[in-house]
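Hey, can you work out the whole structure from these sequences and the hints?
In case you want the letters, here they are:
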Amino acid sequence: METYEAGSEADFERLYRNTYHRILGTLVTMVRDRATAEDCAQETFERAYRSWNSWRPDAPVEAWLHRIAINVAISDRRHQGIRQAGEIIRRLGRPEPGPDPASVAEHSDMLAAMKKLPPKQAAALVLRHYHGYSNREIAAALGVPEQTVASRLGAARKHLQAVLGR
Amino acid sequence: MSDLDRELESELHRALDPLSAAPLPPRRLARTHMPARTVLGGAGAALGLKILSGVAVAAAAVTVAGAATTGSLNPTVWGQQVTQQVASCKAQLADGQHGIGDCVSTFANQHGQAVASSARQHGNGNGNGKDKTNNGNGNGSGNGNGSDKSKSHSPKDPTTTTPPTVEIEPTDPSSHGPVHVTPGP
Chain D
1 METYEAGSEA DFERLYRNTY HRILGTLVTM VRDRATAEDC AQETFERAYR SWNSWRPDAP
61 VEAWLHRIAI NVAISDRRHQ GIRQAGEIIR RLGRPEPGPD PASVAEHSDM LAAMKKLPPK
121 QAAALVLRHY HGYSNREIAA ALGVPEQTVA SRLGAARKHL QAVLGR
Chain F
1001 MSDLDRELES ELHRALDPLS AAPLPPRRLA RTHMPARTVL GGAGAALGLK ILSGVAVAAA
1061 AVTVAGAATT GSLNPTVWGQ QVTQQVASCK AQLADGQHGI GDCVSTFANQ HGQAVASSAR
1121 QHGNGNGNGK DKTNNGNGNG SGNGNGSDKS KSHSPKDPTT TTPPTVEIEP TDPSSHGPVH
1181 VTPGP
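Protein chains in written order, with my numbering: chain D, 1 to 166; chain F, 1001 to 1185.
Bear in mind the hints are in silico, worked out from the structure with no lab data behind them.
Just so you know, nobody snuck in bad clues.
Residues on chain F that point at chain D, a partial pick, calculated with CB under 8 angstroms:
no.	residue
1	LEU1004
2	ASP1005
3	LEU1008
4	GLU1009
5	GLU1011
6	LEU1012
7	ALA1015
8	LEU1016
9	LEU1019
10	SER1020
11	LEU1024
12	ARG1027
13	ARG1028
14	ALA1030
So the derived label-pair ranges between C-beta atoms look like this:
no.	chain 1	residue 1	chain 2	residue 2	range
15	D	ASN18	F	ALA1030	16 to 22 angstroms
16	D	ASP58	F	LEU1004	31 to 37 angstroms
17	D	THR3	F	LEU1024	16 to 22 angstroms
18	F	GLU1007	D	ALA150	17 to 23 angstroms
Chain D regions said to be covered by chain F (calculated; three or more residues, Cβ under 8 angstroms):
no.	stretch
19	7-19
20	122-132
Where a beta carbon is used, it is the ideal one built from N, C-alpha and C, also for glycine.
Here it is, written out as structure tokens:
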């Protein structure tokens, strides 16, 4: 297991290299598209860098990063409605743009359904079923009781079943 | 593990694993700007800025109003001149005569023309910015107090206590003869 020293510039660079893609993976399931996920990932590491001096290795550093990333994604989702309204106004009278080629490969009904989940439920699903965290680890990462994690996972599954018709 | 869970894992790996193969983008450097609220402290920042803006605007308004009204940045100077002129006009009235309005008005007109002329010389009259010859500051208020660097005043000299005065242009004495006031009914 990698170890890091708080405040070390070199260690933060190493942390970035080791965890960027995993953080991006979490964000892709929570925000609307790949570009937004990349932007949120960069925002996550910016925020983490600002707090890097005060980081304490009480919990795994990746869990700490995930917590920041989920907060960034939640913030992004809050502003998404405003941005969408602006884009609709800008596009008035113009044809709908085609799908982003970079996101076509990632498209799936499951992923599309996950993006419609409340962000905290989507985060619990991806941490559990993609990153392989236990409920306890998810609870520690998100700073919530383990029972809350179980509840979120249950609600998310129920929602997906309804949306996917399974 | 339910079918849904298995399908969920399978779909997530199919969609997200290719992300790991993508090249690592350079890390965006943290923004170094420091917001005003950090410098001044939360809600106090907004309030502080508003107060400072208000004070600045009020000070500017008082300065401009004073200059526009008196022709001098020092209202005391112009006030003293008017007082003296009023006394002079009264003294010129013959017994039984009334009204010094024309007399005072003439003085005021002379003063206005003198100030405007002085302001033009110092580049202050039309707000056109710096006059290369006189270094006027172009403040557009016509107050005749341009920052002419060629002047001999030395603002750093602490012994200089004389208030600023307005230089009245020399006028042709013949055009300003004695005041004739027609007697009222």
